[in-house]
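Peer 1: With chain C's structure known, arrange chain F on it following the hints.
Chain residues, written in single-letter form:
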Amino acid sequence: MGMRGPLPGPIADDPGLALATDEIVMVGPAPSIRSMARARRRAIRRRVWQEFRRSRSGMVGMVALILFGAVAILAPVLFPEDTLAVTKATGGLMSPPSPGYPLGTDESGRSILALIVWGARASLVVGLTATMMSMVIGTVVGVMAGHFTGWAGVVLNRFLDWFLVIPFIPLAIVLATVLGASLLNIIIVIGVTSWPGTARLVRAQTLSVSARPYLERARALGGGDLHQMTRHVLPNVMPIVLANTTLMVALAILSETTLSFLGLGDPLRPSWGAILDGAFTNGAMTVGAWWYVLPPGLCVVAVVLAFTLIGRALEAIVDPRQQEVR
Amino acid sequence: MGPGTRYALRSIASGLGTLLFVVVFNFFLFRLLPGDPIGLYTRGRNVPPEQIAALRAELYKPIAEQFLTYLANPLATTINSARYNRPVWELICERIGATLLLVGTATVLAAVIGTWIGIRAAWKRGQRFDKVSTAVTLTLYAMPEFWLGMLLLITFGVGIGVLPGMFPIGGIRTPGVDASSLAGWLDIVWHMVLPVTTLMFTYLAEYALVMRASLIDEMGQDYLTVARAKGLLDRTVRRRHAVPNAILPTITLIFLNLGFVVSGAITVETVFSWPGLGLLSYEALRGPDIALLQAIFLLFSFGVIVANIIADLLYAVLDPRVRS
Numbered sequence: 001m002g003m004r005g006p007l008p009g010p011i012a013d014d015p016g017l018a019l020a021t022d023e024i025v026m027v028g029p030a031p032s033i034r035s036m037a038r039a040r041r042r043a044i045r046r047r048v049w050q051e052f053r054r055s056r057s058g059m060v061g062m063v064a065l066i067l068f069g070a071v072a073i074l075a076p077v078l079f080p081e082d083t084l085a086v087t088k089a090t091g092g093l094m095s096p097p098s099p100g101y102p103l104g105t106d107e108s109g110r111s112i113l114a115l116i117v118w119g120a121r122a123s124l125v126v127g128l129t130a131t132m133m134s135m136v137i138g139t140v141v142g143v144m145a146g147h148f149t150g151w152a153g154v155v156l157n158r159f160l161d162w163f164l165v166i167p168f169i170p171l172a173i174v175l176a177t178v179l180g181a182s183l184l185n186i187i188i189v190i191g192v193t194s195w196p197g198t199a200r201l202v203r204a205q206t207l208s209v210s211a212r213p214y215l216e217r218a219r220a221l222g223g224g225d226l227h228q229m230t231r232h233v234l235p236n237v238m239p240i241v242l243a244n245t246t247l248m249v250a251l252a253i254l255s256e257t258t259l260s261f262l263g264l265g266d267p268l269r270p271s272w273g274a275i276l277d278g279a280f281t282n283g284a285m286t287v288g289a290w291w292y293v294l295p296p297g298l299c300v301v302a303v304v305l306a307f308t309l310i311g312r313a314l315e316a317i318v319d320p321r322q323q324e325v326r
Numbered sequence: 001m002g003p004g005t006r007y008a009l010r011s012i013a014s015g016l017g018t019l020l021f022v023v024v025f026n027f028f029l030f031r032l033l034p035g036d037p038i039g040l041y042t043r044g045r046n047v048p049p050e051q052i053a054a055l056r057a058e059l060y061k062p063i064a065e066q067f068l069t070y071l072a073n074p075l076a077t078t079i080n081s082a083r084y085n086r087p088v089w090e091l092i093c094e095r096i097g098a099t100l101l102l103v104g105t106a107t108v109l110a111a112v113i114g115t116w117i118g119i120r121a122a123w124k125r126g127q128r129f130d131k132v133s134t135a136v137t138l139t140l141y142a143m144p145e146f147w148l149g150m151l152l153l154i155t156f157g158v159g160i161g162v163l164p165g166m167f168p169i170g171g172i173r174t175p176g177v178d179a180s181s182l183a184g185w186l187d188i189v190w191h192m193v194l195p196v197t198t199l200m201f202t203y204l205a206e207y208a209l210v211m212r213a214s215l216i217d218e219m220g221q222d223y224l225t226v227a228r229a230k231g232l233l234d235r236t237v238r239r240r241h242a243v244p245n246a247i248l249p250t251i252t253l254i255f256l257n258l259g260f261v262v263s264g265a266i267t268v269e270t271v272f273s274w275p276g277l278g279l280l281s282y283e284a285l286r287g288p289d290i291a292l293l294q295a296i297f298l299l300f301s302f303g304v305i306v307a308n309i310i311a312d313l314l315y316a317v318l319d320p321r322v323r324s
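If you're matching them up, the sequences are chains C and F in order. Using the working numbering, count along the first sequence one by one with no gaps and you end on 326. Using the working numbering, count along the second sequence one by one with no gaps and you end on 324.
Keep in mind the hints are simulated off the structure, nothing from the lab. No residue lacks a Cβ here, since even glycine has one placed at the ideal position from N, Cα and C. Check before you lean on any hint, since a few could be wrong.
[Said to hold, decoys possible] Pair by pair, the computed Cβ-Cβ distance ranges are:
{"id": "1", "chain 1": "F", "residue 1": "Phe129", "chain 2": "C", "residue 2": "Ser32", "range": "54 to 64 Å"}
{"id": "2", "chain 1": "F", "residue 1": "Ile52", "chain 2": "C", "residue 2": "Ala211", "range": "17 to 27 Å"}
{"id": "3", "chain 1": "F", "residue 1": "Trp116", "chain 2": "C", "residue 2": "Val125", "range": "33 to 43 Å"}
{"id": "4", "chain 1": "F", "residue 1": "Gly126", "chain 2": "C", "residue 2": "Val125", "range": "31 to 41 Å"}
{"id": "5", "chain 1": "F", "residue 1": "Val317", "chain 2": "C", "residue 2": "Leu298", "range": "41 to 51 Å"}
{"id": "6", "chain 1": "C", "residue 1": "Gly180", "chain 2": "F", "residue 2": "Tyr223", "range": "52 to 62 Å"}
{"id": "7", "chain 1": "F", "residue 1": "Ser273", "chain 2": "C", "residue 2": "Leu298", "range": "16 to 26 Å"}
{"id": "8", "chain 1": "C", "residue 1": "Val60", "chain 2": "F", "residue 2": "Lys230", "range": "41 to 51 Å"}
{"id": "9", "chain 1": "C", "residue 1": "Ala70", "chain 2": "F", "residue 2": "Thr139", "range": "14 to 24 Å"}
{"id": "10", "chain 1": "C", "residue 1": "Val60", "chain 2": "F", "residue 2": "Gly126", "range": "15 to 25 Å"}
[Unchecked claim] Residues of chain C placed beyond 12 Å of chain F at every Cβ, according to the derived structure:
{"id": "11", "residue": "Ser32"}
{"id": "12", "residue": "Val48"}
{"id": "13", "residue": "Leu74"}
{"id": "14", "residue": "Ile137"}
{"id": "15", "residue": "Pro170"}
{"id": "16", "residue": "His227"}
{"id": "17", "residue": "Arg231"}
{"id": "18", "residue": "Val293"}
Chain C with its partners taken away, still in its complex shape (with noise of 0.2 Å):
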C-alpha cells in the first residue's frame, strides 16, 4: 500500500485473457507444448497491445513517459555532469530564468533545468527498482498466503494484515533514517514498506484461482505446492499484478519525492524531491523563486499522471469489468 492507497476498483474473477482457440497459429505438423505455449503468450501479448492503443489516455500517458525516459538516458549528453557540481556553477544565485539558465538558477548558481534533467535519473530509477523488488515481495508473500492452508496459512495471513496496518511513510521514514542517506537505501526501503498492497491484491486472486477445478486436477495428479503455485497459480495472477504494478511506480515514485524532500535522499544523486528540499531549505519560497519550486513538482505530476494512466487502461484490459466503471 502507498502513500494513498491503491486505485478504487473491485478485481474480478476472470483476467480476462482467456484466448479464444482460433487465435492461435498452428506452425508445423506436431507443435511441442511448448511452442503452443509461447504461441499463445504471442498471441496474447498482441491482443494487450490492440486493446492498450485504443485507450487515449493510455496512449497519452505512453508518450509522455517515453519522452521522460529519453531525456534521463540522455542527461549526460544534455548537461555534462559537472554542471552539478557546487563549486563549478556559474549562473547568479537564485536568479529568475534567463537565456543562459531557461529554468533560472538555484540557491548556489546551478541551472535548474540541468537539476531537472539529472532528476529524471534519479526519480525513474528509484520508482521502477523499488517497485519491483516490492512485486516480488508481494507476489510470493500473496501467493502462499492465499495458497497454503493450515497453520502456515495462518501464519502468513497474520503476518500480512499486521503489515498492511503499519502506516507506510512513518515506517519508511524511520528505517531511512536508521539506514542513512543513499539511493541504494532508499530503493530497499521504498521496495521493502511498500509490497503489502500488492500481497493482499495477490492474495485475493490467488484465493479465487485456487478453487478452481484445474487446481484441484493438478492437485490429484500428485502436483506439489510449489508446482501448483509456480505453474498455475502464477500464470493466472501475473496479469493483474502487472496492471497494478504500473500503479505502484506511481506510488513509489510519489513516495521517493516525500524522502528525498524530508532530506532523506542521496545527497550526491539529486532527484525531483530532493529539488524541493533545496528549494524548501533554502528559503526559495519566502523570496518568491517560484521557478525553483514549480518545475519539478510538475515534473513529478507528469510522470506519475503517465503511470497511472497506463496502469488504469491496462487494468481495464486485465479485468474488464473496470471498463464499465472507467
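Peer 2: Structure of chain F alone, referenced to chain C:
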C-alpha cells in the same frame, strides 16, 4: 451472543493483536538494524563521554532485559528527547492538538466535497462534468501534497507579482494575540486556511474516485430500475436509493485513510511550520532524535490500528450483510 457482538469482539481482538505486534516490531526495528546504535543516537550532537558511557551500558544490556524495560513503558513517559531534553511523551501531548485540528478539518471537508464530486460524476457519466472532474482528481492524486502547499504558500502567502500575500506564511497564531479571545480563535482559523486547503485537495481525490466507482457499480442494480419504473424523480432515485448504498466504502475510507493522512500531515505541517506532530516528526528525523522518532511512529501506528477497528465496526453497523 449474537452474530453482531461476535463480529465486534473479533475485530477488537484482531486489532489488539496488531497493536501488540506493532509494539514488538517497534522495539526490534531500532535494535536489529545494521549500523552503530551509539552513533545513531548521538549523530550531529556534542555528547559528553559519561553520557555515551551510560548509553552504551543501556544498549549493551542483554536484549531480553532491554525488551522488558521497553515493554514496561512503551510510550516513553520518562525517556528524554535528545533534541529538547524533555520527556518525549510531554512533547507529543503538546503537539497532538494542532495536528488533530488541521487533519480533522481537512478530512471532513475533503470527504464532503470529494463525495459530492464523485456522485455527480457517476450520475452524469461520460458527460463534461465527469470528464473534467476525473482529469482533475487524477492530477490531484498525482501531486506531492507538500508541493501544492509550497505553491499555495508562494502565491497566497508571500504574494507573486501584483498579487499581495493575503495569508500568513506559517505557524498557528500571531504572537501577541490573546489565544483565549475571539480574535485569538479567528487568528487560528486565518492560519489554517492554506494548510487545510492543501491537505483537502490532496485527500479529496481518493474520495471522489472511490465514490464514483462505487456509485457506477450500484447503478446497474435492478432495484434502481424498479425505482425508476415506479415513476420516481431522477433526483429521488439518486438521493434515496442509490447513494445510501454506494456511500459505504467512502465512509469507511475516512478511517482507513488515516495512515495516508498522517504522511500528508508530516510534509504539509513542515511546509507551513504548523506546530503539530508532523512538524515534530520532521524535527525528529532531521536531528535525528531516535527516541522521539520511535515514540511518534508507535503513536501513528496506534492511531491507524484504532481507526481500522472503527472502520470495521462502522461497516458492520451500516451494512447488516457484513455481520452474518
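Peer 1: Are all beta-carbon distances from C/Val48 to chain F longer than 12 Å?
Peer 2: Nearest chain F Cβ is 22 Å from C/Val48, so the label holds.
Peer 1: Evaluate the given range 54 to 64 Å for the C-beta pair formed by F/Phe129 and C/Ser32.
Peer 2: holds, 55 Å
Peer 1: Would you say the C-beta atoms of F/Gly126 and C/Val125 sit inside 31 to 41 Å of each other?
Peer 2: holds, 38 Å
Peer 1: For C/Leu74, is the shortest beta carbon distance to chain F beyond 12 Å?
Peer 2: holds, 24 Å
Peer 1: When you take the CB atoms of F/Ser273 and C/Leu298, is the distance between them in 16 to 26 Å?
Peer 2: holds, 25 Å
Peer 1: Can we confirm that no CB of chain F comes within 12 Å of the CB of C/His227?
Peer 2: holds, 33 Å
Peer 1: Verify the CB-CB distance for C/Ala70 and F/Thr139 against the hinted window 14 to 24 Å.
Peer 2: Holds, at about 23 Å.
Peer 1: Taking 41 to 51 Å as the stated bounds, is the beta-carbon spacing between C/Val60 and F/Lys230 within them?
Peer 2: holds, 43 Å
Peer 1: CB of F/Trp116 to CB of C/Val125, is that within 33 to 43 Å?
Peer 2: holds, 40 Å
Peer 1: Taking C-beta pairs only, is C/Ile137 more than 12 Å away from all of chain F?
Peer 2: holds, 17 Å
Peer 1: Confirm or reject: C/Arg231 is not an interface residue toward chain F, with every Cβ-Cβ distance exceeding 12 Å.
Peer 2: Consistent with the label, C/Arg231 stays out of reach of chain F, its closest Cβ about 34 Å off (over 12 Å).
Peer 1: Taking 12 Å as the cut and beta carbons as the points, is C/Val293 off the interface with chain F?
Peer 2: Given that some Cβ of chain F is not farther than 12 Å from that of C/Val293, nearest at about 5 Å, it is violated.
Checked against the numbered hints given earlier, the structure breaks hints 2, 15 and 18 and satisfies all the rest.
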